[in-house]
Amino acid sequence: MKELSITPGSACQGCGAALAARLTFKALGPNVIRHGVPCCPDTVTATPQVGTVFEGGGALLTGTSRGLKAIGREDVLAVGFFGDGGTYDIGFQGLSAAAERNENILVITKDNEAYMNTGNQRSGATPKYAITSTNPVGPKSRGKGQPKKNIPFIFAAHYVPYVATASVAFPEDLIAKVNYAKTIKGFRMIIIQSPCPVGWRFEPEKTIEIARAGVQSGIWPLYEIQNGHDFKLNYKPKELKPVTEYLKPQARFRHMTEAEVAEVQEDTTSKWQSLLKSDEMKQVII
Amino acid sequence: MSYEVMVGNKAAATACKLARVQVASAFPITPQTTITEYLSEMYANGEWDFDFVNVEGELSSQVVVQGASRIGARVFTCTSGPGLLYMHHPMQTTGSGRLPVVMAVVHRGYKGMQPDHSDLMSQEWTGWGHWYVEHAQEVLDTILMAYKVAEDPRIRIPIAVGYDGYVLSYTAEPVEIPDQALVDEWLPKNKAIPEVLPDKVSPASFGRGFGGERDPQVPWKEHHDAILKIEEVHREVMDSFEKTFGRRYGNAMIEPYMMEDADVAIVAMGTIAGTCKAAVEKMQKEGKKVGLIKLRSYIPFPVKDFQEWGKKLDALAIVDRSICPGKGGPVYQRMRDTLYDLKEKDRPMTLQFHAGLGGKEVRIHDFEMIGDKTLKAVKSKKVEEPVTWV
Amino acid sequence: MIEIRLHGRGGQGAVTASRILATAAYEEGQYSQAIPMYGTERRGAPLTAFVRIDNQRVRERMLVHEPDISIVLDPLIAKQQAVVDSLKAGGIVLLNTALKPEEVKLGGDFKVATIDATTIALETLGRPITNTAILGAFVKITGALKLESIEKAIKKYFPGRLGDMNIAAVRKSYEAVKGPIQAVVKSAPKEEKMDLNVGGYGVLKDVSSWRVFTPEIDMDKCIGCKSCWIFCPETAIQWDEAKKKPSIEYRKCKGCGVCVNECPVKAIEMVRVEA
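Protein chains in written order, with the numbering used here: chain P, 380 to 665; chain R, 176 to 565; chain X, 855 to 1129.
The reader is advised that the hints may include incorrect statements.
To be verified - Straight-line alpha carbon distances no greater than 30 angstroms define the calculated BS3-like cross-link-like pairs of lysine-lysine that follow:
{"#": "1", "chain 1": "X", "residue 1": "K1099", "chain 2": "P", "residue 2": "K381"}
{"#": "2", "chain 1": "R", "residue 1": "K554", "chain 2": "P", "residue 2": "K564"}
{"#": "3", "chain 1": "P", "residue 1": "K405", "chain 2": "X", "residue 2": "K1120"}
{"#": "4", "chain 1": "X", "residue 1": "K1120", "chain 2": "P", "residue 2": "K381"}
{"#": "5", "chain 1": "X", "residue 1": "K1059", "chain 2": "P", "residue 2": "K381"}
{"#": "6", "chain 1": "P", "residue 1": "K448", "chain 2": "R", "residue 2": "K192"}
{"#": "7", "chain 1": "P", "residue 1": "K561", "chain 2": "R", "residue 2": "K375"}
{"#": "8", "chain 1": "P", "residue 1": "K627", "chain 2": "X", "residue 2": "K1080"}
{"#": "9", "chain 1": "X", "residue 1": "K1080", "chain 2": "P", "residue 2": "K617"}
{"#": "10", "chain 1": "X", "residue 1": "K1099", "chain 2": "X", "residue 2": "K942"}
{"#": "11", "chain 1": "P", "residue 1": "K564", "chain 2": "R", "residue 2": "K375"}
{"#": "12", "chain 1": "X", "residue 1": "K1099", "chain 2": "P", "residue 2": "K617"}
{"#": "13", "chain 1": "X", "residue 1": "K1120", "chain 2": "P", "residue 2": "K615"}
{"#": "14", "chain 1": "R", "residue 1": "K502", "chain 2": "P", "residue 2": "K448"}
{"#": "15", "chain 1": "X", "residue 1": "K1009", "chain 2": "P", "residue 2": "K519"}
{"#": "16", "chain 1": "P", "residue 1": "K405", "chain 2": "X", "residue 2": "K1059"}
{"#": "17", "chain 1": "P", "residue 1": "K405", "chain 2": "R", "residue 2": "K375"}
{"#": "18", "chain 1": "X", "residue 1": "K1080", "chain 2": "P", "residue 2": "K611"}
Said to hold, decoys possible - Short derived list, chain R residues pointing at chain P, Cβ under 10 angstroms:
{"#": "19", "residue": "A219"}
{"#": "20", "residue": "G221"}
{"#": "21", "residue": "D224"}
{"#": "22", "residue": "S244"}
It should be emphasised that the hints constitute simulated quantities derived from the structure, not laboratory data. The structure displayed is predicted, hence computed values, not measured ones. The C-beta atom is built at its ideal place from N, Cα and C for all residues, glycine as well.
Kindly produce the complete structure, drawing on both the sequences and the hints.
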């Protein structure tokens, strides 16, 4: 596998998304057309790049994929590398439609859980209680008041061939998933949690440590869903680490009360139990 | 050569087939809807090798064809009224991207369902060519010509072909269908090799240029200049269309009608220009020297043509089937800007008429009124009412 | 009118400093304008901000292209010749550095003043954020504003105890600033100018200026696990398969510290970049 990142780039120190891009494109190889919509710079790759309006990611991938078919170049892979804004929110409609049509495209989402490029505003991917500039803490607000959208399950509910979650702290798992997605046709999506030192407010050196804690605490479980039915949990520790290991180092959660932390712990534990059950049955009920 | 009595929307779909469009995408909206149905049916019947992408909204349809066009496929999309407004955002990326997308706009005013030109007029700023046509034959022919102009390496600008909803989209007329073999020869496959393929891309293009040293005004000037160039290529294509298929529409930019003996001209676009032709015939029989200059290309505007005609005429009655609220009629304002630099003795009078907005029916006697009012203004050397709502 | 340019790093308060100056000006009956460099700010990357102070409302709406005064908040950036670019002849550069003015190597026709604002900030605030600490020195060497105006402005941005601490920093630098003296080096040295305003998208040439700390690998301790190589977001670490050892390509290294944090045997150390 050859490095396709052209560095140094304009990302912040310790950018999780830059690493996500590096690992993704290294695994994908050069025979792709990379699609982007407005987002943080992460890293430039030695791949042709096309872009469009923020809400157009799904439609642009569709156009490329159909165009490649029309000119007899289906060997080239149409890949989207979008942020959470372009996936969960403004880009959701077009991606949902592309999934419903089972377009032959690969969508990779680098999820840093807010609109980071414009200065850390809340998104549908922002977890409950996280501070952002549009969800600050004050007498009337405790950070984000609503939970994070369950995008992997939402897209799995379009009955597409492949949806998976990944983490920059688990590079082999990420690369294996990209390599698998490369081999099949239809709508595929991989969501990579990409910690952001500036927005999540931690020292840049901790990017991988925090990503790892996210997985090990069950807050960012690693799993795959195929055809909206077959389920596999990729990382199953004997015991989950407490969520405090993930929350504490991030100042975006620093204001949380004991009760709020307990709520997050309870929620994480119960969701994990469901995933364990699904893994046992090897299926999800959607 | 064969023919079929078909509605305007079928003529548009037929043009797609003749042009061997490779990727089409659209979202249904009245009065464009049946185009999406014709194309879907043609796809299902395997009438030619293409893909029709059913999207969830008009904005996506614009982005789909933008993407496929970038890859080198010949594309088509279509919409009306609010659907066009919804597409506004990616329309400007198609324009700035210099992609040869052809789009049929089946006029629907955005304050209702019936036709007027507010939908396409309000997209002036998206950087496309804007053409307006009068009848079903012209719909078919013009869409074919739009591909040839848009894909010309000197141009590479998207083109919107507008025609009125209901009265044209759903009215059936006999349409001559050109021979597929002739069209294949006249409009060969789009040969552009997309630089965006991994084996064709230049490594120097990886990663946008840093520092922004380029003057940010340059992309605007380049885009503007490229659109102005459409006039030259459009005229060439009209000549070549006539040579191959035996039909032409004026000089491409305008279609003068019974102007040889006219002192004043009515300027109109779309279906009402057709009604105006009938009115002009009647008026000239009565000795009223009123002719029609049908405007076909609004962007780019036929500046030279109107400056020349302006010198020869006493007055122009400009009929705008739209108004920019708080600003005024687009063709009227563009016309006055065009005529401003003529010497005073050469400058004709100009009268503004609004007709057909909101789909209001425009009839022969309306044009007779317009003709009379214009002649009266010339006789009295005074424009009593600069703006008349017909 | 006085035109000021500030040099700092993303996340270190250069923009706040510009606002404090603008506020202080208005406090004493002058008008002002504070301009950040527009565009996306990258944490750790060098950036620029501008201030105009005048006795009438500032009309021009453009960047400061020829400052009277250049203020540099960061000791590493203070070594870059680019901080005195386009300084008006006879202008002043105020550097946050431990060097004395006569030791400064920047060349040209301008005066140099120095203040170790980092140490003052560490002493009074406990953090090396110099955006307020340097303002006392600014007042002393230029006389452009009154000390009490700066202090009033600081109280607006930092209420309560935080304000008091910042004011203490201001007063210390007011006393401790050295210079200004005419620059010892008369002409600008020939060197490739560093870009002191980094934002936007795309590939950069060299991000060494982003580093306050530099990672150094102890090859003897290294066990060849490849963690540092695989986790570097900028691919600044190369892996030599033959030697089974990593090496750092420093022009790509932003000093984020991920490699240091991930090394299982603590074979990489972060060394402070010499100011």
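Verification of the hints:
Proximity of K1099(X) to K381(P) is assessed by CA-CA distance (about 18 angstroms); at most 30 angstroms being required, the pair is judged to hold. Restraint check for K554(R) and K564(P): the C-alpha separation of about 74 angstroms exceeds 30 angstroms, so the hint is violated. About 27 angstroms separates the Cα atoms of K405(P) and K1120(X), which keeps this hinted pair within 30 angstroms; it holds. Between the alpha carbons of K1120(X) and K381(P) the distance comes to roughly 28 angstroms, so the proposed pair stays at or under 30 angstroms and holds.
Distance check on the hinted pair: K1059(X) and K381(P) sit about 21 angstroms apart at the alpha-carbon level, within 30 angstroms; holds. A C-alpha spacing of about 18 angstroms is found between K448(P) and K192(R), which places the hinted pair at or below 30 angstroms, so the restraint holds. Under the criterion of a C-alpha separation no larger than 30 angstroms, the hint pairing K561(P) with K375(R) is consistent with the structure, at around 21 angstroms. A threshold of 30 angstroms between alpha carbons decides the hint, and for K627(P) with K1080(X) the separation of about 28 angstroms falls inside it, so the pair holds.
This hinted pair checks out: K1080(X) and K617(P) have alpha carbons roughly 26 angstroms apart, not beyond 30 angstroms. The suggested pairing of K1099(X) with K942(X) is violated, with an alpha-carbon distance near 50 angstroms, which exceeds 30 angstroms. Our distance criterion of 30 angstroms between C-alpha atoms is met by K564(P) and K375(R), whose separation comes to about 24 angstroms. Using a Cα cut-off of 30 angstroms, the hinted pair K1099(X) and K617(P) is violated, with the two alpha carbons roughly 34 angstroms apart.
A C-alpha spacing of about 28 angstroms is found between K1120(X) and K615(P), which places the hinted pair at or below 30 angstroms, so the restraint holds. At roughly 46 angstroms between alpha-carbon atoms, K502(R) and K448(P) are farther apart than 30 angstroms, so this suggested pair is violated. Note on K1009(X) and K519(P): the hinted pairing holds, with a Cα-Cα distance of about 25 angstroms set against a maximum of 30 angstroms. Note on K405(P) and K1059(X): the hinted pairing holds, with a Cα-Cα distance of about 22 angstroms set against a maximum of 30 angstroms.
Straight-line distance between C-alpha atoms of K405(P) and K375(R) comes to about 20 angstroms, which keeps the hinted pair within the 30 angstroms bound. Restraint check for K1080(X) and K611(P): the C-alpha separation of about 28 angstroms stays at or below 30 angstroms, so the hint holds. Given hint, A219(R) at the interface with chain P, is violated; its Cβ is 16 angstroms from that chain's nearest Cβ, farther than 10 angstroms. This hint is violated: G221(R) has a C-beta 15 angstroms from the nearest C-beta of chain P, more than the 10 angstroms allowed.
Interface restraint check: D224(R) against chain P, minimum CB-CB distance 8 angstroms, threshold 10 angstroms, status holds. Taken as an interface hint, S244(R) checks out: its beta carbon lies about 7 angstroms from the nearest beta carbon of chain P, inside 10 angstroms.
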